[in-house]
Amino acid sequence: MLPSSNSRGGSLSTLMQDIGDWWTVFILALLVIVFSVTSPGFFSSLNFVNTTVSASNTIILAVAETFVIITGGIDLSVGAVLGLSGMVGADVMQSLLSYGDITALIIGLLAGLLTGLILGAINGLVVTVLEVTPFIATLGMLGIATGLTFLITNGTDIVNLPLELSTIGDAVLFNFLGVPVIITAVVLVIAWYYLRKTRFGKYTYAVGSNSEGTRRSGVNVKYHLFKIYALSGLLSGLAGMIIVARIATGSPLEGANDELNAIASVVIGGASLFGGRGTILGSTVGALIISVLVSGLVIMGVQPYWQTVTIGIIIILAVYIDQRRYRNRVLK
Amino acid sequence: MHAENQQKQSPILTAEGITKSFGRIQALDHVDFAISPGEVVGLVGDNGAGKSTLIKVLAGALMPDEGKISLRGQAVHFHRPSDARNQGIETVYQDLALAPHLTIEENIFLGRELIGGGLKRLTGGLDKKKMLERSLEILEQLHVKVRSMKSPVAELSGGQRQAVAVARAVAWGESLIIMDEPTNHLGVEEVEMVLDLIRRVRDRGIPVLFISHTLPHVLEVTDRIDVMFLGKKVVSLNTNESNLDEVVGWITGSKTA
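Keeping their order, the protein sequence lines are chains A and B. One point on numbering: in our numbering, the residue at position 156 of the first sequence is 156, and numbering is uninterrupted. One point on numbering: in our numbering, the residue at position 118 of the second sequence is 118, and numbering is uninterrupted.
Do not take every clue at face value.
[To be verified] Under the rule of at most 20 Å between Cα atoms (straight-line distance), these lysine to aspartate or glutamate pairs were calculated in the EDC-like manner:
hint: 1; chain 1: B; residue 1: Lys232; chain 2: B; residue 2: Glu220
hint: 2; chain 1: B; residue 1: Lys68; chain 2: B; residue 2: Asp29
hint: 3; chain 1: A; residue 1: Lys227; chain 2: B; residue 2: Glu113
hint: 4; chain 1: A; residue 1: Lys197; chain 2: B; residue 2: Asp245
Just so you know, the hints here were simulated from the structure itself, not pulled from any lab data.
The shape of chain A in the complex, shown without the other chains:
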């Protein structure tokens, strides 16, 4: 494993370090090869589109979780916030249909993003003002958002949505590039830039590395953490709206257990739950591993219930490795 996720070098070596632990890339390649050989349908253009499009959500949630985990926190509510944002967005679209499709579409989209942002901001306030540990604060939000998601429609789907929505969500460019993938790519580039090249990113690592020292350096640590949780909520809201667009439905079932995938992606990607370590590219590779694994299991005809079992085991293993590594390091 590389000594640090934060070392520097030329642009190529920066890129290599960003990818983080190289073994994850090998595992990703291995999974693709194994599934391609064992399951004829896996290595096809159609499945490529399906896998990358469904990976989009995992990747966006993983990006959100990367920021949070680098600060030494955790956000258990990303899946639930995704679900509630999607339902609010879809509900607003449905109720505004009489004002025209495009109006409904735009306002509904904004409503979904705003919902995510507000829920994230509440997480941020609970963590920084009430000083409740992130684990409990976001576990509480997981419960709150999950319940509200079902309360909006008493658990039924919202299907009466603008037609243009699925045109965007389902569009596939050049036969392989889904629109959600393009949005995700844009998110990735911006997140990578901010985490690595800006003061915002530096503070994110610094807070996770030594919160008290960072505070003494004159950084407003609480305000920074607030922004991190708000950002996590906003990205979860974005992921929620992408799903609504893709399936042209507001479903209260979306997002359930997605925090598992997001956390697994980030930890596989080399981030430390102790804070101070983690990269966008590492988390992306982690998210791709999870997505390929899920898609492969589906194609192999494995019962979907095995997915969370598998991912749960992966999380425990990855965190175990992280703890071993942590004990052997000088850090802190």
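For chain A, the structure is supplied; the task is to place chain B on it using the hints.
Chain B alone, transformed into the frame defined by chain A:
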């Protein structure tokens, strides 16, 4: 060694009648303190004598109940650590100073990052090149050698980490540098390095307030030693006219004024 200069120099910072109580405990009782440019002052005393309360007051981490602080002849009021920092008073804390995952230059500029121009100004993009250059410059002035500027400070030795913390204080502390137990947990060679560092800082004309329990280190590097006892400053000794026994006597209270 610098005793004759310091008589002529007027103090850069003076504190008069500093008093601070926590409930019924009087941590500081009308303490006077002064330090001049190019002077290393040791602050010693037993646990609970009021050393750390005094440096917290000087560093803006605590507000005194009574007393006034002047910097370059001007009265100053520190409500928070950033007030003191903005006036060029830097504190090197014993363990809490650095973020271990960040590199040297990231630590030196933590909280005071240089932002680049153009799009970077808009997004808070860092001017890494300038920060790196400036960091190397400071390390060079302090004769601190490090293997690599690219690795996180966690990979440096304890002494080198302390050197980075000092370099960071030197980069910003133009009025006063306060060092809280900077030689704790260091090996013999590393202690020498840190003491050398303190001398170099002094030679740049920046006064250093050195807090330590390790009296030989204090005697080795300071020009003057202020002794605290039960919240009072009981004596200010000229280091080259004093010795270990005398200092210990004042600390334990067996010597009194």
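Evaluated hints:
no.: 1; hint: B:Lys232 <-> B:Glu220; result: violated, 24 Å
no.: 2; hint: B:Lys68 <-> B:Asp29; result: holds, 13 Å
no.: 3; hint: A:Lys227 <-> B:Glu113; result: holds, 19 Å
no.: 4; hint: A:Lys197 <-> B:Asp245; result: violated, 55 Å
Going down the numbered hints, you'll see the structure goes against 1 and 4, while the others check out.
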